[in-house]
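Read top to bottom, the protein sequences are chains U and C.
For the first sequence, the positions run 83 to 241 when this note's numbering is used.
For the second sequence, the positions run 2 to 500 when this note's numbering is used.
Hints are computed from structural coordinates only; laboratory data are not their basis.
Don't be surprised by glycine CBs; every beta carbon is placed ideally from N, CA and C.
Be careful, since some hints might not be right.
Stated by the list, open to error - Among chain C residues calculated to face chain U with C-beta under 10 Å, some are:
no. : residue
1   : Y52
2   : L166
3   : T193
4   : F194
5   : Y197
6   : A393
7   : L410
8   : F430
9   : F434
10  : S493
One-letter residues, chain by chain:
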Amino acid sequence: MTLRQRDNLIYGGIALGSVAFLVWVIPAYTPPYPGYGVSASLLPNVTVGIILALSVLALIRNILSYVLIKKNKPEESPSAVANPGDKVYLWHLARFMIPCVLLMPAMKWAGFIPAGIAFMLLIQFLCGQRKPVTMVLVAVGLVGALFAVMRYGLGVPMP
Amino acid sequence: MLEVIIAGFIDALHPLSLLFVLLGVIAGVIAGAIPGINGPMAIALCIPLSYYMSPVAAIGFLVGLNKGAFFGGSISGVLLNTPGTPEAAATTWDGYPLALQGRGEKALRMALYASVTGDAFSTIVLILVAAPLATVALYMGPPEIFALICLAMTIIAGLGTQSILRGLIAAALGVLVGSIGMEPVSALPRLTFDLYQLERGISLVPIGIGMLAFSELIIQLERRVKQNGSECAISFSSKPEDRFISWKEYRGLTKTLLRASIAGTVVGALPGLGAPVASFFAYDQEKKRSKTPEAFGTGKLEGIAASESANSAVVGGSLIPLFTLGIPGNVAAALLIGAFVIHGMIPGPLMFEQNAQLIYAVYGSLIIANIFLLGVGRVGLKSFCKVVQMPAAILYPMIIFTCIVGSYLAEYSVFDVSLMLFFAFIAYFMKKFDFNHICFIIGFILAPIWETSLQQVIISSQNNLFMFFTRPVAIILMAITFYVVIKSIRGSFKKALTV
Numbered sequence: 083m084t085l086r087q088r089d090n091l092i093y094g095g096i097a098l099g100s101v102a103f104l105v106w107v108i109p110a111y112t113p114p115y116p117g118y119g120v121s122a123s124l125l126p127n128v129t130v131g132i133i134l135a136l137s138v139l140a141l142i143r144n145i146l147s148y149v150l151i152k153k154n155k156p157e158e159s160p161s162a163v164a165n166p167g168d169k170v171y172l173w174h175l176a177r178f179m180i181p182c183v184l185l186m187p188a189m190k191w192a193g194f195i196p197a198g199i200a201f202m203l204l205i206q207f208l209c210g211q212r213k214p215v216t217m218v219l220v221a222v223g224l225v226g227a228l229f230a231v232m233r234y235g236l237g238v239p240m241p
Numbered sequence: 002m003l004e005v006i007i008a009g010f011i012d013a014l015h016p017l018s019l020l021f022v023l024l025g026v027i028a029g030v031i032a033g034a035i036p037g038i039n040g041p042m043a044i045a046l047c048i049p050l051s052y053y054m055s056p057v058a059a060i061g062f063l064v065g066l067n068k069g070a071f072f073g074g075s076i077s078g079v080l081l082n083t084p085g086t087p088e089a090a091a092t093t094w095d096g097y098p099l100a101l102q103g104r105g106e107k108a109l110r111m112a113l114y115a116s117v118t119g120d121a122f123s124t125i126v127l128i129l130v131a132a133p134l135a136t137v138a139l140y141m142g143p144p145e146i147f148a149l150i151c152l153a154m155t156i157i158a159g160l161g162t163q164s165i166l167r168g169l170i171a172a173a174l175g176v177l178v179g180s181i182g183m184e185p186v187s188a189l190p191r192l193t194f195d196l197y198q199l200e201r202g203i204s205l206v207p208i209g210i211g212m213l214a215f216s217e218l219i220i221q222l223e224r225r226v227k228q229n230g231s232e233c234a235i236s237f238s239s240k241p242e243d244r245f246i247s248w249k250e251y252r253g254l255t256k257t258l259l260r261a262s263i264a265g266t267v268v269g270a271l272p273g274l275g276a277p278v279a280s281f282f283a284y285d286q287e288k289k290r291s292k293t294p295e296a297f298g299t300g301k302l303e304g305i306a307a308s309e310s311a312n313s314a315v316v317g318g319s320l321i322p323l324f325t326l327g328i329p330g331n332v333a334a335a336l337l338i339g340a341f342v343i344h345g346m347i348p349g350p351l352m353f354e355q356n357a358q359l360i361y362a363v364y365g366s367l368i369i370a371n372i373f374l375l376g377v378g379r380v381g382l383k384s385f386c387k388v389v390q391m392p393a394a395i396l397y398p399m400i401i402f403t404c405i406v407g408s409y410l411a412e413y414s415v416f417d418v419s420l421m422l423f424f425a426f427i428a429y430f431m432k433k434f435d436f437n438h439i440c441f442i443i444g445f446i447l448a449p450i451w452e453t454s455l456q457q458v459i460i461s462s463q464n465n466l467f468m469f470f471t472r473p474v475a476i477i478l479m480a481i482t483f484y485v486v487i488k489s490i491r492g493s494f495k496k497a498l499t500v
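Make the full structure from the sequences, and use the hints.
What follows is the structure in structure tokens.
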């Protein structure tokens, strides 16, 4: 996918999302005008309107630029290809996000310390740690220290 | 008035406040020294902890953290040629060559003294300028405040990203998220999607931690930060002239330090520019003024002095618009707004009337943090150098776990942890697609003030928006805003159509 195609996809998605907000989400989830002051939907409508206008403007710019380039050079230039640093690594994102999402339910089920230690062991493994003794020491040390500080130092009700 | 000033400074000298400022400075230096961790990230992580402190201690702690991180960034820059923070990049150009010559300690001491000098200068300017400016700002009504916020967000959006369109979209998205919760006039829930947890609105903590810290860690891990214990191959010379900065050397750099401090303070006071701009600008100016510009980049003390004093002067400078207008100069100042609000204060000109004692206590904390930075830097320089060698495989899991616990800590809410992960997810894609997450956060923080001033304008004018034309300052500010937007959009069209 070229940079331009990706940008068009993003701006198109934002524009569609904005329309959905203006037509459905904002009317459905904002209280009606109470008869005094300003309508509650004013700020959301203004901001989503701005987002819609800007994304449409960006789409128009990209389309005009595409038409002009197509006229002059039919081949897309290599610089227009997306930078590898900007590539989305969904698997990488998922393997860090999923344990984090599961941590809170796990803490509710197994308790702060066991779930926290298991989580730390897993995350260390995912971060490239392969020394078992270090892994255990770091996991137990951090979870234990945080539990002690929060439970007994700050009196926080733990999950 | 004198009693208020004295009471404020006495508050700052309370042993607990002193302790938290000291802890803030130490934590800040450590955070800054770790490549990839920066001041705003550390502030976002520590805001939940500030709930348990008094307002003076909390603000002092966060200010100390920010100051410490600015100096800390230079440690990894000088020793590893990897700046801990973006603003320390210019410091590495002369710091690392000095370290390679065995004079790493001298380079770090120069960075420390320059940081303290720049910081002291900007704090003095802040103390002298903020109160008179706030008096002027008190004459500003809702139309002027509304227009000023529009201008500030436009400038931040324009300077923070390569495309102003993306910056403005991010800022508008931030304002939209900021409008979730109770609507201020009718006090009815708005955009809550029938989730009762959203009725109180979204707090800064999950957004700050998720967008500034967690998403950044995920991206850094993606780049396979696997330097297990970045070996510090730098050796330290034992000769005193290679370790210390003599008084004569420091005096010889007075003009450089002064010029860079002025540049840093001015840049800090302007919304959106930030510390990296200040340090690159000061370094460049110093190079141009030098009789031996070719020596810059080979280990010249002037280079370190200019870069470090400029970036540290940004701290005080960025507090000027925060205290006088309630508008943050950079993301660290934006996070400080959140901290002020958490402790029941709204930054802005009224703070000088309503919380004058606290303002002077904050001034006191700023001065104390500077003194502590000097002491901590001198005493613990070699210990901090060891921090940069900590393996990423140990450090990053610890920070990830702290992010999760930190977002829970703010309101004891599991829902806040989910929100933190959601905003980290959003920020991941924003960063990948060059939508500035800083614009999002600043839009989010400014949303309530923006909405209130907009509502005041509409209600007081009885829906007549032409009332703007009776306010010359508001007209000028809005005109500048439209000029910046139209000029930037025209520029982006021109650029796209000529490629």
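Verification of the hints:
{"no.": "1", "hint": "Y52", "verdict": "holds, 9 Å"}
{"no.": "2", "hint": "L166", "verdict": "holds, 5 Å"}
{"no.": "3", "hint": "T193", "verdict": "holds, 7 Å"}
{"no.": "4", "hint": "F194", "verdict": "holds, 6 Å"}
{"no.": "5", "hint": "Y197", "verdict": "violated, 13 Å"}
{"no.": "6", "hint": "A393", "verdict": "holds, 7 Å"}
{"no.": "7", "hint": "L410", "verdict": "holds, 6 Å"}
{"no.": "8", "hint": "F430", "verdict": "holds, 7 Å"}
{"no.": "9", "hint": "F434", "verdict": "holds, 6 Å"}
{"no.": "10", "hint": "S493", "verdict": "holds, 7 Å"}
The structure does not agree with numbered hint 5 stated previously, though it agrees with all others.
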